[in-house]
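Trainee: In case you want the letters, here they are:
There are 10 protein chains.
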Amino acid sequence: MAILAVTEQLLAAKKAAGLTFADLEAKVGADEVWIASVFYRQASASKEEATKMIEAIGADSSLIEALMECPVKGSLDPLVPTDPLIYRFYEIMQVYGMPIKTVVHEKFGDGIMSAIDFTIDVEKEEDSKGDRVKVIMCGKFLPYKKW
Amino acid sequence: MAILAVTEQLLAAKKAAGLTFADLEAKVGADEVWIASVFYRQASASKEEATKMIEAIGADSSLIEALMECPVKGSLDPLVPTDPLIYRFYEIMQVYGMPIKTVVHEKFGDGIMSAIDFTIDVEKEEDSKGDRVKVIMCGKFLPYKKW
Amino acid sequence: MAILAVTEQLLAAKKAAGLTFADLEAKVGADEVWIASVFYRQASASKEEATKMIEAIGADSSLIEALMECPVKGSLDPLVPTDPLIYRFYEIMQVYGMPIKTVVHEKFGDGIMSAIDFTIDVEKEEDSKGDRVKVIMCGKFLPYKKW
Amino acid sequence: MAILAVTEQLLAAKKAAGLTFADLEAKVGADEVWIASVFYRQASASKEEATKMIEAIGADSSLIEALMECPVKGSLDPLVPTDPLIYRFYEIMQVYGMPIKTVVHEKFGDGIMSAIDFTIDVEKEEDSKGDRVKVIMCGKFLPYKKW
Amino acid sequence: MAILAVTEQLLAAKKAAGLTFADLEAKVGADEVWIASVFYRQASASKEEATKMIEAIGADSSLIEALMECPVKGSLDPLVPTDPLIYRFYEIMQVYGMPIKTVVHEKFGDGIMSAIDFTIDVEKEEDSKGDRVKVIMCGKFLPYKKW
Amino acid sequence: MAILAVTEQLLAAKKAAGLTFADLEAKVGADEVWIASVFYRQASASKEEATKMIEAIGADSSLIEALMECPVKGSLDPLVPTDPLIYRFYEIMQVYGMPIKTVVHEKFGDGIMSAIDFTIDVEKEEDSKGDRVKVIMCGKFLPYKKW
Amino acid sequence: MAILAVTEQLLAAKKAAGLTFADLEAKVGADEVWIASVFYRQASASKEEATKMIEAIGADSSLIEALMECPVKGSLDPLVPTDPLIYRFYEIMQVYGMPIKTVVHEKFGDGIMSAIDFTIDVEKEEDSKGDRVKVIMCGKFLPYKKW
Amino acid sequence: MAILAVTEQLLAAKKAAGLTFADLEAKVGADEVWIASVFYRQASASKEEATKMIEAIGADSSLIEALMECPVKGSLDPLVPTDPLIYRFYEIMQVYGMPIKTVVHEKFGDGIMSAIDFTIDVEKEEDSKGDRVKVIMCGKFLPYKKW
Amino acid sequence: MAILAVTEQLLAAKKAAGLTFADLEAKVGADEVWIASVFYRQASASKEEATKMIEAIGADSSLIEALMECPVKGSLDPLVPTDPLIYRFYEIMQVYGMPIKTVVHEKFGDGIMSAIDFTIDVEKEEDSKGDRVKVIMCGKFLPYKKW
Amino acid sequence: MAILAVTEQLLAAKKAAGLTFADLEAKVGADEVWIASVFYRQASASKEEATKMIEAIGADSSLIEALMECPVKGSLDPLVPTDPLIYRFYEIMQVYGMPIKTVVHEKFGDGIMSAIDFTIDVEKEEDSKGDRVKVIMCGKFLPYKKW
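Chains as they are written, first to last, in full-length UniProt numbering: chain A, 1 to 147; chain B, 1 to 147; chain C, 1 to 147; chain D, 1 to 147; chain E, 1 to 147; chain F, 1 to 147; chain G, 1 to 147; chain H, 1 to 147; chain I, 1 to 147; chain J, 1 to 147.
None of these hints come from the bench; they were simulated from the model. One or more hints might be untrue.
Taking lysine to any residue and the SDA-like style, the derived pairs with C-alpha atoms no more than 25 angstroms apart in a straight line are [as the list claims (entries may be wrong)]: (1) A:Lys-145 - D:Asp-127; (2) E:Lys-52 - E:Ala-13; (3) J:Lys-47 - A:Lys-52.
Have a look at the derived ranges for each label pair, beta carbon to beta carbon [said to hold, decoys possible]: (4) B:Thr-20 - C:Trp-147: 29 to 37 angstroms; (5) E:Gly-109 - C:Lys-47: 49 to 57 angstroms; (6) F:Ser-61 - D:Ala-22: 50 to 58 angstroms; (7) J:Lys-124 - A:Gly-29: 52 to 60 angstroms; (8) A:Thr-51 - J:Thr-20: 51 to 59 angstroms.
Note that this is a predicted model, so its numbers are computed, not measured. For each residue, glycine too, the CB sits at the ideal point set by N, CA and C.
Could you build the full structure based on these sequences and the hints that come with them?
Mentor: Here it is, written out as structure tokens:
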């Protein structure tokens, strides 16, 4: 995965400012994963949101507009990602994809979980046997239309 | 994705018994997604668990042993799945993969969320603007070992 | 693309009944493309809809239930389809994909056309220089959620 | 998908001129999707059309000739596109490809919808439950020749 | 490439009748390559044409209808065919694709050679240094429509 | 497909000279498709041929040597080309590959049409219903050797 | 790689007869690799050759005709073969492909080694440090035709 | 296949010196194919060998060290190479792979021909019907170890 | 991965006999991983070894010969395996491949670790923080031959 | 595989310092494979570890921070690596993957060997018949969680 030039500039400014995305969550008033998505150019911000982000990390205001554009999304180079952290999501889909499909159909009928009207959160769950990563996805159920 | 013969037998018996996986959750005392994973031969049950499942759906006891074997896991035929419900998880990985990686590293350091010491739940969140699907993944954080 | 056994049974019954999908549109009260989607097991029908379809083509009533299940969707074998009629849709996406993306973003903002809350119609447009195929897709615009 | 240098110049000029493709439709007298296709170098313009476009966006006249060349078309990098908006067209082809093929054959006989003698329009359909994207494809039916 | 069952039946009958496709060309009144395309289920025949073919090879008349259906076309299993004779056409496209594209554009403008309104002939050209295979493709030029 | 730097130089010189490949055919005394193949670095010229070409388009004589080298041939980036004009040759191979194979074997025995001892011509066939592109391939038949 | 039914029959008969391909070389009067190619349906035999082979292994004479047909050649399932012995030829092509190309061009000019007018032999070279496999390929040089 | 910068420098120097790889074979005292493999960075030379090569072609002595490094080997870009000369080796593996495997096992038992303890030679065999390319591969037989 | 019929028979007999591969190691006098490789038809046994295995699990002696054949090796269906246990070896190669390559070259020079003259062992290392899997690979170093 | 710029700088400094990774193991107090992994940006070091490494090779201290970042891991360009040394690990997975899976399940139950809580060592085993490469992998067994 090639990191975009604009993303590198943003990450460098953020690093220079000594801030984590959790810090930005507090300053910008939006979720840290979503802010990271804007930085990686997978999501687009409003002018107000972009301005807050750029100011928070002390980057050049000429970058504000870049954060407002609708990006071409998704860009893990090989179709099956090689990074172990990201690959685990592919594995989860391979192993639990059909079970989830069946359970969703039983609970909701024929349709899908939207990946657009959708939020995703990452939380740290402390555990004496080793902390746990909690990823919470929440998407609107979209029933298949008939016509 | 070719459905395994044993899975088809199990699903037919479950249908004949008129039970959902949520019903099985109550009867077997394990999560519905995990039970579905056992039925789709992505997870293995103990003898006691397998027996409860087979009895709950009234299937032939000769199937108990099949549920106890360690399956070859993962079998969505094309590398990029075509089923829209399952594909959305691929899309989420493509769009939110790098942002999540960054946030996990900030919260935990270099490592991954385990997909083995891992649970996944599906919940229905009622919402007047349209119900929402909530998928909660929870995996142990595994830090990279140095040596 | 392997045709499913159930689809072959349905198409054989429909042929024996001497009906086109346009005829079924009139008898069933639903669009011909959607009915074909149910026959090809890409969409699921309600009990009432399935019953009407089976009765219209004079097939065995034991097939009604099959039309009500949520199918695993999408199954053109090679990732790039070889059938010339179907391939043209791939080519359209390759050639006009970015232009459409840009125009949709200008008209609607960042988001997508749903392929779930979605209808598709095929019409014949008579033309002295050669008839034309008109394909009308209509999907709800889904704006990306921020959180 | 790498954006061509010439496309980037054109989009920058258009942005500086504060025009949408819908505005260009009015100024150039051609459809906005087709104009976007010329900008993305998927279609070629006549000298007159190219001149109008370049003048409308106030770009350098040296770019006129570039718009007149026959481009190498189609260039979504991975065979299966990852951008969610563009992917939906792939999904539509996967899910509705065979049903459409069958209906077209019933209406027209053995042949295809041309993707060359072809137009595509994008319209906004206002709807109180959420606006809808309407994509209208219209291609000449080409029957298979026998010889 | 799996040979279809119907194709195997047709080829067996033709072999039993001791006929080449060139013989069928004379009997059926259509080109041998096209007739072979119908046998391999890549093209569809009219009732009259199908009847002539079946009678010429002395096959069962129940096969007539199969030749009249619109087939799912194209089915060389790997995307890059391995059979040396067929692969050479892939190699020709790889080596001469861009040169032909340029020459066609110079002669005709932006557009394509139709592969639907199209004929293909195979001739034997006797040559003392070794006979030559002549393949003549002839397709209607389709200019890109502007709109 | 990335155009090679040397090809771009040659095409620019040819454009500045206002010549088509058909014009070069007359000046150089070789077929236009073959000359285009040399320009696209898919074929190699002798010193005399290269000199004629470079002089005809008024390019720098330092380019002569480049046209004499044996190129690494074939370079359509994706395995299945996306350009519609070039793709049609892929489609022809998919649809008519097996029929041609069978007819060639009937006419010549087991072997192939050479793509090396091979010529390819493009002609314009005027037709009141729309001009036609004629592509004539002619390759030596090579019988399989036994040993 | 799925072994064809006819190949399995031939190999079983050969095994029952207790013969190696080297034995068949002596009995049939043709090279063992070529005979193996006929058995694996990658090459076609004349009636006389096929008869000798079938008689040598004591198989049913109804198999003679099968050996005379022009097979669809090449059928290692994955594009990159997994069998270690066969893979080594792929690795040799990857590592030594460009060096061989260069040396052939220096020795012969622009062209290829035919894989059709071609023989391949396997010999055992005894060596005190470990026997060696010698594979000798010999194909006609085919110069690129100009036209 | 992108040619490495160091390879381009070496080939340019060799060209300027007016030497073929066969000339280098005489000067360096090693096979021409192996020397070409070192130039293409598929094999590594000792200091003495590298020095001889660099001196023979009159290149800068700073390049000596580059020839001594262990390269990352194999780099034909597409998995199936498109260059016709190189592709023929792929075709040979597809067509003759299984026959060779069988003959090797009969002659040697279960094991492989090493591609490491391996030499490959290219010879020109003059023939009045057309010269022939002879490629002689010779690799140590490695039997599978049991443990 | 489709399990071969013979492998299924062997595994069933072994299960009926109530033996693990570790038990077979003791009875047969060969490593458990290698015995499993013979059962999965990835390695070939001598007559004596095969007989011991078949007798140990009480299978039909007609299976002895099957274990003696040289199998077509390697057959994980997708190029990138989906089973999580097997995938980890792919990931190890992705993450540690280049570091290992460098270290091996520093220790041994240019060459490879043989995967043929090779053994692999699996051991259980008890550990109070969780048992560990130890996989020990040991292959002969093969230096690249120069010629 | 493109080598990262930072890796190239590190390897050049290490070369200038005349050190092997085994030398660094002694100086840094960590395993040579792991140190190589940090250099190839597949693993991240603490500030103290990074400082030791940079000082040991005499590189610029501005590189320290680069070694502390969590890299995007895994980047062998083709999905199946072409370098022979690295490919052997792919082959081992293809050939011994299922046998290892079975033995691990017999020894540990359903679960995997972690590739994160994991070490890998490379040792040279001297042997009069040729030295051997020993690769020792040791990963925590992770049992599948049930819930």
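Trainee: Each hint should be assessed against the structure and marked as holding or not.
Mentor: Hints versus structure:
1. A:Lys-145 - D:Asp-127: Answer holds: Lys-145 (chain A) to Asp-127 (chain D) is near 15 angstroms, not above 25 angstroms.
2. E:Lys-52 - E:Ala-13: holds (14 angstroms)
3. J:Lys-47 - A:Lys-52: violated (32 angstroms)
4. B:Thr-20 - C:Trp-147: 29 to 37 angstroms: Because 31 angstroms falls inside the window, the suggested range holds.
5. E:Gly-109 - C:Lys-47: 49 to 57 angstroms: holds (56 angstroms)
6. F:Ser-61 - D:Ala-22: 50 to 58 angstroms: holds (51 angstroms)
7. J:Lys-124 - A:Gly-29: 52 to 60 angstroms: holds (58 angstroms)
8. A:Thr-51 - J:Thr-20: 51 to 59 angstroms: Between Thr-51 (chain A) and Thr-20 (chain J), where Cβ atoms are some 52 angstroms apart, the hint holds.
In the structure shown, a violation is registered for the earlier hint numbered 3 alone.
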